[in-house]
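Trainee: Chains as they are written, first to last, in the working numbering: chain E, 1 to 505; chain X, 1001 to 1313; chain L, 2001 to 2615.
Keep in mind that the hints were calculated from the coordinates and are not lab data. Keep in mind that this is a model prediction, so the values were computed, not measured. Every residue gets a Cβ at the ideal spot worked out from N, C-alpha and C, and that includes glycine. There is no bait here: all hints are sound.
The following residues of chain L were derived to be distant from chain X, with all beta-carbon distances above 12 Å:
1) Phe2029
2) Val2046
3) Ala2049
4) Ala2052
5) Ile2128
6) Arg2195
7) Ile2204
8) Arg2338
9) Arg2343
10) Pro2344
11) Glu2360
12) Gly2372
Below 27 Å or equal to it, Euclidean Cα-Cα: the simulated BS3-like pairs (lysine-lysine) are:
13) Lys212(E) x Lys199(E)
14) Lys1051(X) x Lys121(E)
15) Lys2245(L) x Lys399(E)
16) Lys247(E) x Lys2245(L)
17) Lys1051(X) x Lys170(E)
18) Lys1309(X) x Lys2477(L)
19) Lys399(E) x Lys1051(X)
20) Lys1309(X) x Lys2457(L)
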Amino acid sequence: MRKLVGIAAVTAVLALTACTGSSPGGSAAPTELDIAAIGTPESFSPGNFGTGPTTLFLQPVYDSLFRNTNEGEPAENIVTKWSYDDARTKLSLTIREGVKFTDGTALDAAAVKANLDSARKGTGEAGGQLRFIQDVTVTDATNLMVTLSAPDPSLVPNLGGTAGVLASPKALGTPALDTTPVGSGPYILDAAKSQTGSKYVYTRNADYWNAKDFPFDTVEVTVFNDNNAILNALRAGETDFAVVTDKDSNSLKSAGLNIQTSPAYTTSGLYLFDRKGSLVPALAEPKVRQAINMALDRDAIHAKVFAGKGKATSQVFSSTSDAFIPELDKKYPFDVDAAKKLLAEAGYANGFTLPMPDVSPIYPDQQAAVTEALTAIGITPQYQPVNGQTFISDLLAGKYPAAIFGLNSPRPWDFAQIALTPESLWNPFHVSDPTVVDLINKAQGETGEAQTESFRQLNTYVVEQAWFAPYIQSDNVFASNAEITVTPQRYSTMPPLWGFTASKK
Amino acid sequence: MLMFILRRLASGLVLMFVISTATFFLLNLTGQDPVRQVLGPVASAEQVEAKRQQLGLDEPLITQYFQWLGSAVRGDLGRSWFTNQSVGELLSQTLPPTLSMVIGSLILAACFGTLIGVTAALRRGRLDHGLQVASTLVQAIPGFLVALVLALVFAVQLRMLPATGFTAFSDSPGKWLASITLPVIALALGSVASLALQVRGSMIDVMQQDFVRTLRSRGLPERSVVVKHALRSAAGPSLTTVSLMFIVAISSSVIVEKVFNIPGIGTQASNSAGRGDLPVVLGIVLVTVVLVVVVNLLVDLAQGWINPKVRVS
Amino acid sequence: MTDNLVTGTRKSLEVVSSAPQGDKLIKKFLREPSAVISLVFLALLVVVAILAPLISSYDPTATRLADVLAPPFTPEHPLGADGVGRDVLANLVYGAQTSLSSAAIVIAVSLLIGVPTGLLAGYRLGWIDGVSMWISGALLSLPAIVVLLVVLARVGRSTSLALVVFGILIAPSVFLLIRGSVRAVREELYVDAARVSGLSDIRIMVRHILPVVITPTIIQAALLAGAGIGIEAGIAFLGLGSSDKASWGLMLNDASQNIFNAPWLLLWPSVALVLTVMACSLVGNGFRDALANFGSSAGSVKAVKTAKHTDSTPEPALPLEKAPVDPGDTLLAINDLRVSYPRPNGEKSDVVKGVSLRVERGQILGLVGESGSGKSQTAFSVLGLLPGQAHMTAGTLSFAGVDLLGMTPKERNRLRGARIGYIPQEPMSNLDPAFRIGSQLTEPMRHHLGISAKAAKNEALRLLARVGIPDPERVFKSYPHQVSGGMAQRVLIAGAVSCNPELLIADEPTTALDVTVQADVLDLIRSLQAERGMGVVLVTHNFGVVADLCDQVAVMRDGQIVEVAAVTDLFTNPREEYTQLLLDSALDSTSKTQAHHPVETDTTTDMTTETEGAR
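Isolated chain E (complex conformation) (with noise of 0.2 Å):
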């Protein structure tokens, strides 16, 4: 009789599986879009999250006050019409007529001052990005005027992304909003459907004013806790775009899904951050510096480790950008004995030893290159066991001289900002030096060529200086189902909303 029931219950679990079938998307133009993601977005809140893989979770609701073009350059969006005076800190706007966000508040000039105090005050990478706002007014209904404390080449483009997301004046404040958003965004966050942490899905807005660019009814973004997960459910079919490692890409597209690259904006290397010689005092002599940069076999890692895909180099900032110089790759071209001899003229002749985090958890190869690099010339890397999640700000106490690490550099003002200035999150030891200095400041002043210049003599310098010891400016690989295309944007670690898009058959 038992024998029977087991029959019977695998019986139903087969027939119940050729029903319900795993396969999704049929003959016709695919109505949902299912995205893996790593990560979950920190909060709803204007000015709490980030800006990177977080502004997939964000764009299906949130407007932003510009949309950046595939190139980059900001465009209208909410904002219909921008500009500067001449000393560049007093940006007036003009905004749409009409929007509302899905409470029925209306999207007017009120409303997005409301967003940008609110998110100025915020405690992510995006409110961050607002810190050179010093005031704002409203003209009218539609206009505004933003008064900056300094001119900042980036904040245009950046409104375009997650900086310049708005929610609801209602429910700004609100703790709901952490959870819940509120916005005038393409799609709503379907609560029912969603799950804190591990899905959100979200459900075709009906009243958006621009329906015809965002061509998927439902919105689903998974949250996976492991590669392989994604991988499997890649080749099941049961998601539609994720971020792969180039490993995987060669087995993927035998599997039939389309693989795409783009630059991934993060310059990934041994980040050199005691100059100052404070924990390793090797550290603070340039030559020590430059030798680490010559054991570097840069051609090998991006061979190896990266699998020929992005751009071995030993600048940091972004090949794609006006300021990068193809010949400064030259300077350090791998050669271990020069590197020694450097060493030796340092007067290291012995090597040191170098204690670093141990990120092998999450960049095993980059790991084994390094420790292959530097014990070749002497130096005795000292891996220091991590929790994953203290590692942050771990590094950006200045607990570690150096760390194998990637650091995002899209625009050459961005990075400049976000590693170079004496108070810069990412410089922890607070290096200052004049020559650094004083570049930046020129370059914010600046626009156009001139400012391309600035950048190139502060990128120039930077690498003569060996502040750093990158080998890699990677690229993201795009793993997607052959039923959507996939357009990337410049500037942005991940493709906007609107670059996915049903494939033409």
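Given the coordinates of chain E, work out where chains X and L should sit on it, guided by the hints.
Mentor: Only chains X and L this time, still in chain E's reference frame:
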């Protein structure tokens, strides 16, 4: 009977109290600043201070403990420090997937384990010996390996079942069943083997007892002797195994959830423990203890039903 | 794995009290092939782990970009290299070190905690016992990996720490084992003697109790090793283990990251892990089985492990000679019945050596003999209820003219209960403890007689009253443990006759009863027999019973019939010396108990209550 249940529940309450207190102080021992973790690197010192006060973390540890305890007793488990989501809501979302898997695996293990164990006990000989070896082998295979292989073969290659995700029963019973099938099998495999061995051993013992022979002497059909009578007596020791299997299943579900990307308690425990989201961790610990207490109680009650000698009247 | 440990504890407890001495145990252990192979495997593993630097010159954690995912079977990388260029063979052998040291840590921690606390709690009892039992229960309630997650997440990745914590979590299994063992022996006489002679508690524990406990602890240690190795792999797989140590779990982690590029990386760590954990289990189980077999007597039927297995019902034997089967009044005809059992060393042990008997309708045949004479075996042969290993042959075995030997088991079963009834010896152990008495009575009646539940109940109540039970309704609803031995025996008698059998086989029906009850039960049997005209085979060693009830007597000795006679003839004029011997000893020891007189409860009456060895 009622007194028995009440006493067990009271003992369970004490257990919950002790374990949650231990967890609270253990997690606070490590001296890392959770507020900076919550806000991220960009926040200013003033913002960090403000958040600290908002979360009540500027109070002495004992005060914080009693605040938490006081609310918890009233059913309010607080909010996640990181997402600000109510812990109660979080638990109500993450429990169904894990429970579906764990209970499913127990049912599967019970059915197949009993079937195999009884067959082995009755047939003896080569089948029995084969079972013992097979059982030891199966129990030695780590759960994540089984999960990996199952996902690869049945989900990715054969596309018979989903490789990732969980569909709630209320959304679609069919899809729910499909989404938990592979994880349940991965979880149940070791339990089937262990229970089969247990049942086999008990059945052999019971079948050798006098009353079985006497029942046979009455001419009762063999099936009745085995299934109705012998199995009933053999079930007792096997039932204790069930409560153990439950605890092990909750433990193993952490790994299985990772492989199949199921948003259950295990995943939540992993994430929140990792970043130090104390209210959530405490909530999970509490819920786990409650589940264990309840399961143990149910098992004991079942024992009483099966074995009249143990019954508390 | 963890649940295996705790149930294993229970099993180990069962074998504790019969702990034999070391060398004999080892000999027993060596008989089990799977255990021996496993032990050899583990020994090899230890050797490999120690010789790791000689087997592979690579540093297992050294990563080499140039060798990423190098294929196997090359001179540089015999087993290939993993996703970051680490040599697979090196990781395999150094991983053995990690696994073995993990096992060692877990064993050490859990023994360190479990043994002293178990000793203390088991010996002292009292509040120490209560508290430690509670703690043990609490620890066992915690899911291991969740606890490890919480601890490791706060303190950082560390394999050793993880294993220490796991050792603490699993210590209750050792604690329970030791405590149970101690409690089992603490009431033994030699412990009492030691206590009386003034030895301190600690000395008693160490000198007398600890030795008993050692073997089960070894068994437990083997299982702990397996669990520890498994947990270490799981922790490493989750990325929570130390990253500077080679580990099979880490290998599996890397393999799973590269599963689409190099699936063969899964092979070696999986094999290593599974085989090692399996070996630990088999060694532990092997020890335990050796211990169990040693504990029970060699001739016991319960030593099933080493006996050759036969089918559960005896095959129809080839008749040696077909004696003429005459119908009519012969109810039971047995000719040249032989029963034997296989010994552990392969030889046969004969317990019934050619018995021939006849029982007529309405006749009561007494089957007398000392314990071990084969009388019960004969009775079971008739019923067809010999244990599985028994080997039975007979020239003739027929019932009411029907040949039993040629019957299928199903046909045989149809006879039982309906036409042949059985009254067992021990009342309490012969009733199913999980079912009410009423249902145990009605079920066979409904099966054989096809009557409705209500009719069966009425009949059962009538029967209960008939056998002298004062409150049939209450007994009908009761469970076996709620009635006395005497009542239980009456219930069994009721059950035996409930379907009106023609032949009744009573196996020492009064031996296990109080003296006062015996006479009543005998009266009952006699009246039932008279009422229904049943033939009875009454197995007994008590001549008083024989004198009371039987018409014919057969005396058995050492598996053979020595003498058969009518009762009066036997008592007055026994032909065999042996019979005379039995009668003399019986009359001497059971002098006061005369079947016809109600008994003066004189406590000097000797009721031999030993049960027969070969049941």
